[in-house]
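Asks: Using the hints, position chain B against chain A.
Number of protein chains: 2
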Amino acid sequence: MNRRQFTQIAGAAVAAALHGDAQAAPRQQAGAQVTDAQVDKSMADAMRPGPKLQIAMLLYPAMYPLDLVGPFTFLSGLMNAEVHLVWKTLDPIVGAGRFVLTPTKTLAECPRDLDVLFVPGGTPGTEHMMRDREVLDFVADRGSRAKYVTSVCTGSLILGAAGLLKGYRATSHWATRDILPLLGAVPVDQRIVEDRNRITGGGVTSGIDFGLLLAARLSDDTYAKMLQLINEYDPRPPFAAGNVSQAGPVITRHLQTMLLSTHREAASAALEAQKRLHLV
Amino acid sequence: MNRRQFTQIAGAAVAAALHGDAQAAPRQQAGAQVTDAQVDKSMADAMRPGPKLQIAMLLYPAMYPLDLVGPFTFLSGLMNAEVHLVWKTLDPIVGAGRFVLTPTKTLAECPRDLDVLFVPGGTPGTEHMMRDREVLDFVADRGSRAKYVTSVCTGSLILGAAGLLKGYRATSHWATRDILPLLGAVPVDQRIVEDRNRITGGGVTSGIDFGLLLAARLSDDTYAKMLQLINEYDPRPPFAAGNVSQAGPVITRHLQTMLLSTHREAASAALEAQKRLHLV
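Chains as they are written, first to last, in the numbering used here: chain A, 75 to 354; chain B, 75 to 354.
Pulled out of the complex, with its shape left as it was, chain A reads as follows (with noise of 0.2 angstroms):
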């Protein structure tokens, strides 16, 4: 390669900044674009000096890795918010797969006006949290103030057994979504359920729709699309299995029966939970 071909690739950004990339949108549509005034504005809005957004995730052991990962892409591509990642104490703890994180801080130091409080799910590990009265103390006080109380998967369920979904409509992973009116809650089959100030996501993968739609929540829809094409999310599943009516009655009554145990240790948590908050 000579030094006129290099000049010619490293300079293709240049370009595209300058003029605009009509090779790389071939297929644009009209109507619907976004202009430069919107782009504008909403940089202009997610750089504003001021105090940043509060944003809490809370970490636990045996918690999904997914389920956070996915959201946190998201929100912490918001350049006006902190986001801590919170528990107990500040060692790492082990989740699903053996994965490792690690906390930023406790749930002592947590803000305690959070303008989002999100919790993730995993089992064993939301059973456990579902019972554990130094968390779900912490997540009834800091949700009780929080702009936005949100969960993906059984989070939720960490989220009801707090008391925090009594008299709303919510979701969970596809498996245990049925456990959702044992803490008072109306169960709602979709991927993303928004009521009020709560909103709650299906099982793991759909953090990463629930991420953008907090994003665009938290910021606008202009800053929301800028952080989806950043992320390439132009979802291409490679099989059609996503949901128990594409996978089909085998393959989920195969995972029903391998999550049994749960489900019972969940429904049982669930009820504990009844019968101290009095939520049905």
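For the record, the hints were derived by calculation from the structure and aren't laboratory data.
Computed from a predicted structure; not experimentally measured.
Just so you know, not all the hints are guaranteed correct.
[What the hints assert, rightly or not] Per label pair, the in silico range of CB-to-CB distance:
no.	chain 1	residue 1	chain 2	residue 2	range
1	B	K240	A	V168	35 to 45 angstroms
2	A	L164	B	A214	35 to 45 angstroms
3	A	G171	B	K221	17 to 27 angstroms
[As the list claims (entries may be wrong)] Just so you have them, the derived chain B footprint on chain A, three or more residues with Cβ under 8 angstroms:
no.	region
4	145–156
5	171–179
6	296–302
7	307–316
8	323–333
All residues carry an ideal CB built from backbone N, CA and C; glycine is no exception.
Replies: Chain B in isolation, oriented as in the chain A frame:
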């Protein structure tokens, strides 16, 4: 709630497991349904005793956590695989968003013969790794024998800088795909590109699609579908801005401007590798 109601709800999963759950799969389609025999065979294969698949996923400072955690979710769901998170030392590294990731093995401890070598992306970490001889030597060595040589996002630039993509079709994050030819690779505008034993994914969230596809290659389609349902991968992006066509020229140009210095650094590092390894 009385005892009868509790029994009903806590027993729901049992009933579903024993009798099939007609409620759970109302829209199930005829044909192409997975059978019990297929599930039994997949599970028997997954649990067969013997040496486990050896999977090494590279960690490095300033990498993008979701690039790794997406694929990790599916690969760690293979019952017959050991997943190693490898780096120069066992000290935790700090990724994008100040997210801390903890290695499980040093490069020296990493098994020599791998079933999968995986490299995530993330700037400015990628540019540094493209010039890090210790890392490049490791990647070139393990990649020379690995059954699958793989990446997500800008990770393909590290594979390329190690000389592993010369003459291969590959992809990268959309904003750096044009650097691949400097490394002797043929860039393809596709979310996942498979060429012989090289499998490369596009930006960040493509790691979910990539991870599910790779899990299928390492097990079978039935097992992969079970992984898809347990992770509820039924994406519903709240916006349509996940590729440059959909996001449109204004957002694309804005992000390209933000990524100018990254692009320039990566292109320079690619040229150095090209010269060192005679890639073009």
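Asks: Does each hint fit the structure? Answer for all of them.
Replies: Structure-based check of all given hints:
In this structure the hint that K240(B) and V168(A) lie 35 to 45 angstroms apart at CB holds, the actual value being about 40 angstroms. The beta-carbon spacing between L164(A) and A214(B), approximately 38 angstroms, falls within the hinted interval of 35 to 45 angstroms. A hinted range of 17 to 27 angstroms holds for the C-beta pair G171(A) and K221(B), which are about 21 angstroms apart. Counting residues of the region 145–156 of chain A whose CB lies closer than 8 angstroms to any CB of chain B gives 4, which reaches the minimum of 3, so the coverage claim holds.
Only residues whose C-beta sits within less than 8 angstroms of a C-beta in chain B count toward coverage, and the region 171–179 of chain A has 7 of them, enough to reach three; the restraint holds. Coverage of the region 296–302 of chain A by chain B holds. Counting CB-CB distances below 8 angstroms, 5 residues qualify, and the rule asks for three or more. Requiring three or more residues with a Cβ within less than 8 angstroms of a Cβ of chain B, the coverage given for the region 307–316 of chain A holds, as 9 such residues are present. Coverage of the region 323–333 of chain A by chain B holds in this model, with 10 residues showing a Cβ closer than 8 angstroms to a Cβ of that chain against a need of three.
Going through the hint list in order, the structure satisfies each hint without exception.
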